[in-house]
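From first to last, the protein sequence lines are chains A and B. Take the first sequence: its position 51, counted from the start at 1, is 51 in my numbering, and no numbers get skipped. Take the second sequence: its position 116, counted from the start at 1, is 116 in my numbering, and no numbers get skipped.
Derived by calculation from the structure, the hints in this document are not laboratory data. Given the structure is predicted, the values throughout are model-derived calculations rather than measurements. Relax, there's no trap hidden among the hints.
To give a feel for the contact side, a few chain B residues facing chain A, derived at Cβ under 10 Å:
no.	residue
1	Asp6
2	His21
3	Cys24
4	Pro26
5	Val31
6	Phe96
7	Thr118
8	His119
9	Ile130
10	Arg137
11	Ile139
12	Ala158
13	Gln165
14	Arg168
15	Asp198
16	Leu199
Non-contacting residues of chain B with respect to chain A, defined by C-beta distances greater than 10 Å in every case (computed):
no.	residue
17	Pro4
18	Ala48
19	Glu51
20	Ala80
21	Ser105
22	Asn154
23	Thr156
24	Pro167
25	Glu170
26	Ala181
Taking CB as the label site, the calculated pair distances span:
no.	chain 1	residue 1	chain 2	residue 2	range
27	A	Ser211	B	Glu32	31 to 37 Å
28	A	Leu31	B	Glu152	20 to 26 Å
29	B	Arg111	A	Gly131	33 to 39 Å
30	A	Gly67	B	Ala103	26 to 32 Å
Glycine included, each C-beta is placed from N, C-alpha and C at the ideal position.
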Amino acid sequence: MTDPLMPRRREVHPVPLWPDYKTSVPRSPSLPLLSMESTPSEETGPRFGHSLIGPHDNNLIVNFTQGAESAVGERIRVHGRVMDETGRGVPETLIEIWQANAGGRYRHVKDTYFAPLDPHFGGCGRTLTDGEGHYEFMTIKPGAYPWPNRANDWRPAHIHFSVFGHAFGQRLISQMYFEGDPLIDRCPIAATVRDRSQLDRLVAPLEMQQSRGMDYLAYRFDIVLRGRRQSVFENKPEGM
Amino acid sequence: MAQPLDTLVETPSQTAGPYVHIGCIPTFAGVEGVYPQDLGRSPIAKGAKGEVITITGAVLDGTGWPLRDAMLESWQADAAGVYPGQDGADPAVSGFCRFAADADSGAFTLRTVKPGATHGRNGLHFAPHISLWIVARGINIGLSTRIYFADEDNSTDALLARIEQRPRVETLLAQPTDPGAYRFDIRLQGPDETVFLDL
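Next comes chain A alone, as it looks inside the complex (with noise of 0.2 Å):
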């Protein structure tokens, strides 16, 4: 039998209706969520191996050509560890990133902004964490880019991140902003999370020592996963 799920703060998460952000308005439930404790469902989930990962999967600069050519753009490593809530690593867990490119575009057929494409960037990138939880990619730090919003809004510069945990119920999908940037106090969506404290947990910070001189820059992205509560107490009928 598995272990239960910590419950979801959902008080540090984003609203889900928040006007400023208009698509949220008819696509988020009105009805209030049924909780109850995680079961096998959300305590099982899937394990991806390293078999599924290729050599240049967590390099963006250079996976849209397998090697052949580098993307264009101010080059950056972006690294962190993945924990749980008790604040041990989550090893060997899939994460998924993709984002824009230098210039604001995204390789995608529905996305028709017209900074261009850059031949040689596609965008994803995917990466297994150690033993300890820990991750890196390099890639290009993305672009900022308008989106039809209200009249004149911008999306600061962002990563989306896809992290899948061991168990079905730790699934989660964030955006990593960049320290610094004026356009995320501008931004709708990030201001979808209402306390502040939790919006700065998603800004990451630009960290020069482990920057390499004449190549790239480094920023910091740590990501927490909920966790499980373990008890002696846990599989004994109800009440005894």
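The hints should help you fit chain B onto chain A, whose structure is shown.
Below, chain B without anything else, positioned relative to chain A:
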């Protein structure tokens, strides 16, 4: 004052946005050549035990309009009710699938085996079900729900039993349409709003 607690806080979610496909199912976005194939194309391999079923549906917003940018993930037990990774699980069932709403119609299709009933702590019983996780532009934190089956005995299911407004149970039941085929629509708002879960 008291001792400080040393627990961490989960990273806040942000919307997956309209371009989630680039990162999760790049072929769907038109990004070819980075990975050999998209992850989670099927929850079953050849030889999976059990009844193969196809579930079709759409994710509808509060106006009834289908989302054309949604991405869904499913997770389930095998036909015997054993989750992949657990002892005795069917090796031909990965249990995990990723699928997108069609970019034009919004329709999605999940082809899998019907899972078996499962048990939780304290003897809780769960009727056959598939867990779903839905992300899209405008969804700020992924939505969790379950697909149950209208042609199964759901009377002792511990989750369905907790739904106070009994007609809302219907929102979690896939309806048979043809042999081996079911319909399951997800309504984000409105009078038939799907029951979303916080487990």
